[in-house]
Amino acid sequence: MSQRPIRALGLMSGGLDSTLAASILQRLGVEVLGLHFSTGFCVADRHRIMGNANNRNKPYRNDALHAGGQLQIPVEIIDIKDDYLQQVVLNPKHGYGSGMNPCIDCRIFMLKRAKVMLEEGGYDFIFTGEVLGQRPMSQRRPSMQAIEQETELEGLLLRPLSAKLLSPTIAEQKDWVRRDDLYAISGRSRHEQMRLADEFGLVDYPQPAGGCCFLPDENFARKLRDLLIDRGNVVDPDDMMLLKVGRHFRLGDGVKIIVGRHEAENDFLERFRVGRGAVWVEEFSSPLTLIEGAPSAEQLELACKITARYCAGRAENEVPVHWRLDDHAGRLLVEPVREDGFLDEIRI
Amino acid sequence: MLRHAPYRRKARFRRQVNGSATDDQLRSLIEVAEVAVDARGTFCPEPVIRVQEAARAMCIGQTAMLLADDAGVELDLPAWCMSTGNEYLGLVREDTFLRVFIRRS
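In order, the protein sequence lines correspond to chains U and F. Under numbering that gives the first Met the number 0, the first residue of the first sequence is numbered 0, with each subsequent residue one higher. Under numbering that gives the first Met the number 0, the first residue of the second sequence is numbered 0, with each subsequent residue one higher.
Next up, chain F with everything else stripped away, as it sits in the complex:
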C-alpha cells in the first residue's frame, strides 16, 4: 500500500535552507572548522562533489567549510544536506565568494 505523508517534507526543507547556526556562530567557525574545501573557480556540481568527497572522510560531528564562488551552492548545499542527513549550518558572504558550513551527522 502506498503511504501518504508528503507535505511535511517541503516545510522541513525550507527550514533547512535557512541553516541552523547564527551569523556569529558561523563567523567563529571560520577559524575552527575541521575541514576546508576550496571549490572557488569551479562550477556546479563540482563544489558539491568536493564536499561529498570530503564528507566521506569526516567523523560525525565534524564541521566542514566550503569556499565557493558559484552562487548555486546557496541552494545545492542545503538540498544535499537534507538528502544525506547532514546538518546545514548556514553561509557567510564574503566579497567575492561564499563560505558554506555543514556538520557531518
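The shape of chain U in the complex, shown without the other chains:
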C-alpha cells in the first residue's frame, strides 16, 4: 500500500525566498500548494496595472504565478483586500513599522487564513520563505515566535531557509523532511539565496530584496496618513488604488486632487472617474486630474491651474482647462501655477 504524500501549504509572494522554500520542499518529495494573498498593496500589482512604460506591449507578470509555473506547483490567488484593509492596515494590534507597514499583523492575518485552509484541506504543515533576521520587524526571532503563538501554529510552521537556526518543527520531528536537507540562512544578504537559485536552476526570479509592499514606502505612507485623517479612517480599496498613482495635492478639508504623471497613469485614473470630478486640457498634451470631494469655486480654479502647470502648454500665459463635476461641466482660462514652493506646500 502506498503511503499518502506529505502535503504542505506555503505563503508565496513569488519572490526569491518563497520560491526557494517551495522548491526545497518539492525536491524533498513534499506536495506543495502555494497561496498568494492579494492585499491590494503589492508594488508589483501597481507595475502591472501601469504596464511597462518602455514597452506597452510587454506587460508585467504575476511573480507568484510565474514561480508556480516554473516549479510546476499549483498557486492559488486569494483576494483579501477588504478584510486586510479593515483588520490589518487600519487596526494593527502590533503597530506599524517605519511607514504604515503592520508587518507582524500582516503575517498573523495571512497565517491564520492559511491555517484554516490547512485544517479544511487536510494539509500537514505550513511553510514560508522567511529568513531569520532579514526584516527588522517580523523576521526577528522573538517576532517569529510571537507570530507562531498568536496563530497557534507552533510546530506547524516550517521556514526551510532558516530551519536549522530555529527549533525543530513537527515536519522535522516526524521525519517528513530531514533537518539536514534544510538551511541555516540568516541576515539581510541574499548571496546564499542567489547561490541556491543557481544550484536549483531558477534563473528567472524577481530582484531579491526588491520590496514588494507599498506600506513601508515613505511617500505612500504619507498619502495614506493624510487620507485617514481627512476621512476619519473610512476608506475603501479603491481609495488605496488611487494612492499608488499620480501627484496628490490637498486643496482643503475633504478636497484633494490627483494629477496623472504620464499616459499610463491617465489611463488608470480614467477608470476611476465615476463619482469624481475631472480636469483636463484638450489643446495641449495634458494630465488627467481627478477631484475627490466637493470643491469650492476657488478650489476648482486651483485644480485647473495645477493641471495647466503640468500640461505641455505650461509656458503659455493662459491655458484653457476643461472640468466636469457631477452633471456640471465647463471651461476655464487660467494661468498655470508658477511657484514650485506653493505646490510643495500643498503636495501630500
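Read the hints as simulated data drawn from the structure, not as lab findings. It is possible that some hints are incorrect.
Stated by the list, open to error - Between beta-carbon pairs, the in silico distance windows are:
id	chain 1	residue 1	chain 2	residue 2	range
1	U	H327	F	N17	48 to 56 angstroms
2	F	E52	U	V233	47 to 55 angstroms
3	F	E52	U	M193	31 to 39 angstroms
Claimed, not checked - Facing chain F, from chain U, some residues (calculated, C-beta under 7 angstroms):
id	residue
4	G67
5	D78
6	P135
7	M136
8	V336
Note that the Cβ used here is the ideal one computed from N, Cα and C, for glycine as well.
Guided by the hints, dock chain F onto chain U, whose structure is given.
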C-alpha cells in the same frame, strides 16, 4: 537527498506560453467555449482569480474563455495553467480586449 532536474521546466514553460491551439481553432472556440469569464475592467490578479473560481466548477475537458483588458493576463494565464496543470490554448486579440482560452485538465 535533493534531486536536480530544473532546466526542463523553463523550456516547457516557454512552450506553454505559446498555447496549444492554432488561431483558427481559437476563433472557432469563441462560439463554443463552455464557460465565459468576463473580467474586463478589472486589474490583475482579479482576472486570474475569476478563472480560478470558474475552473473549480468546470469538468475535465471543458473550455473556458476569459475576456480581459488587462494585458498581464497574457503572461499570467499561461503561468497559472502551467502551475495548476490545466491546458493553455492561446489568445485572440480583439481591438480593446483579449480572449484567452484554457482547457480544464
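To see whether the hints hold, each was checked on the structure:
Between H327(U) and N17(F), the C-beta spacing of about 51 angstroms keeps the proposed range 48 to 56 angstroms intact. Here the CB-CB span from E52(F) to V233(U) is close to 29 angstroms, at odds with the stated 47 to 55 angstroms. Distance hint check: the CB atoms of E52(F) and M193(U) are about 36 angstroms apart, consistent with the given range 31 to 39 angstroms. Annotation: G67(U) was flagged as interfacial toward chain F, and the flag holds, the nearest CB pair being 3 angstroms apart, inside 7 angstroms.
Because the beta carbon of D78(U) sits about 6 angstroms from the nearest beta carbon in chain F, less than 7 angstroms, this interface hint is met. Taking 7 angstroms as the C-beta contact cut-off toward chain F, the hint placing P135(U) at the interface is violated, the least distance being around 28 angstroms. Proximity of M136(U) to chain F is violated relative to the hint, the smallest CB-CB distance being about 25 angstroms (cut-off 7 angstroms). Look at V336(U): its Cβ only gets to about 32 angstroms from chain F, farther than 7 angstroms, so that hint breaks.
In summary, the numbered hints that this structure violates are 2, 6, 7 and 8.
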